[in-house]
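Produce the complete structure using the sequences and hints provided.
2 protein chains.
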Amino acid sequence: MAASSIRVLVCTSCRAGEDAHTRPGALLMDALRARLDERNLDIAVEPVDCLAVCKRPATVAFAGAGKWTYVIGDLDGVAHVDELIDSARSFAATDNGIVAWQDRPPCFRKGVVSRTPPAS
Amino acid sequence: MAASSIRVLVCTSCRAGEDAHTRPGALLMDALRARLDERNLDIAVEPVDCLAVCKRPATVAFAGAGKWTYVIGDLDGVAHVDELIDSARSFAATDNGIVAWQDRPPCFRKGVVSRTPPAS
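Chains as they are written, first to last, in numbering that gives the first Met the number 0: chain P, 0 to 119; chain V, 0 to 119.
Do not rely on the hints blindly, as some may be mistaken.
[Claimed, not checked] Chain P stretches covered by chain V per the calculated footprint, using a threshold of three residues with CB under 8 Å from any CB of chain V:
1) 55-68
2) 102-113
[Claimed, not checked] Here are the computed lysine-lysine pairs in the DSS-like style, where the Cα-Cα straight-line distance is at most 25 Å:
3) V/Lys-54 with P/Lys-109
4) P/Lys-109 with P/Lys-54
5) P/Lys-54 with V/Lys-109
6) V/Lys-109 with P/Lys-109
7) V/Lys-54 with P/Lys-54
8) V/Lys-54 with V/Lys-109
[Claimed, not checked] Some chain P residues well away from chain V (every beta-carbon gap over 10 Å; in silico):
9) Arg-6
10) Thr-21
11) Asn-39
12) Ile-84
FYI, nobody ran anything at the bench for these hints, they're computed from the structure.
For each residue, glycine too, the CB sits at the ideal point set by N, CA and C.
Given below as structure tokens:
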């Protein structure tokens, strides 16, 4: 599986509600990278400055050449780390980025904010 | 302005609330095309099967090579047609797709669902 050909883009801009200091996206990014290392998986995780989903932090996007791009929100930097990695692996395993319902962990089923098609 | 190099992708899947027959996206797409013709503007408007923003119809995406992709919802097929065309023109006029606040008509300011970066 060419997992390394996709990118998990983590919005590091969002704040946690009224708490101006906690950045749930930055925490999620660190947790993802640490867990990928533990699981010996090679998936690119990159910070991105604002996915414009400010009301549903933490938020990530799955992107890859020739694939639909998914934006997923309502993510918890602890509870959803493994689910999110499994979601990214399902995404990587598709040809066009469209992941069948049965291959979506709960955080992917519940958190989709939008999806957009690849360049034509 | 290379307006023709961008694409306005209109989600034609959404239904209007409980009304299973009305497709606000399809109506919006037709209205956009008609108005572009009246204004003698060349911007590609394409249907897309589900942008996964089902709760905020009608929904469109602005996309273009090397640009951020914006998803915009809460669009009315009558009230927002000219605003949306002006939004698309602002998007087309940028190098990277990021439209300054002062260049965003109201429907663009209020309706952003998400944005995602161009392929790296």
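Here is what the structure says about each hint:
Under the rule that three or more residues need a Cβ within less than 8 Å of chain V, the assignment of the segment 55-68 of chain P holds, with 5 such residues. Proximity of the segment 102-113 of chain P to chain V, defined as three or more residues with a beta carbon under 8 Å from a beta carbon of that chain, is established by the 3 residues found. Using a Cα cut-off of 25 Å, the hinted pair V/Lys-54 and P/Lys-109 holds, with the two alpha carbons roughly 13 Å apart. Only pairs whose Cα atoms come within 25 Å are accepted, and P/Lys-109 paired with P/Lys-54 is accepted, the gap being roughly 15 Å.
Restraint check for P/Lys-54 and V/Lys-109: satisfied, since their Cα atoms lie roughly 13 Å apart, inside the 25 Å limit. Pair hint V/Lys-109 plus P/Lys-109 holds up; C-alpha atoms about 24 Å apart against a cutoff of 25 Å. Only pairs whose Cα atoms come within 25 Å are accepted, and V/Lys-54 paired with P/Lys-54 is accepted, the gap being roughly 15 Å. Only pairs whose Cα atoms come within 25 Å are accepted, and V/Lys-54 paired with V/Lys-109 is accepted, the gap being roughly 15 Å.
For P/Arg-6, the non-interface assignment is contradicted: its Cβ lies about 7 Å from the closest Cβ of chain V, within the 10 Å cut-off. Against the 10 Å criterion, P/Thr-21 stays outside the reach of chain V, whose nearest CB is about 22 Å from its own CB. Even its closest Cβ contact with chain V, about 24 Å, leaves P/Asn-39 beyond 10 Å, as expected for a residue assigned away from the interface. Interface exclusion of P/Ile-84 from chain V stands, the closest Cβ pair being 20 Å apart, more than 10 Å.
The structure does not agree with numbered hint 9 stated previously, though it agrees with all others.
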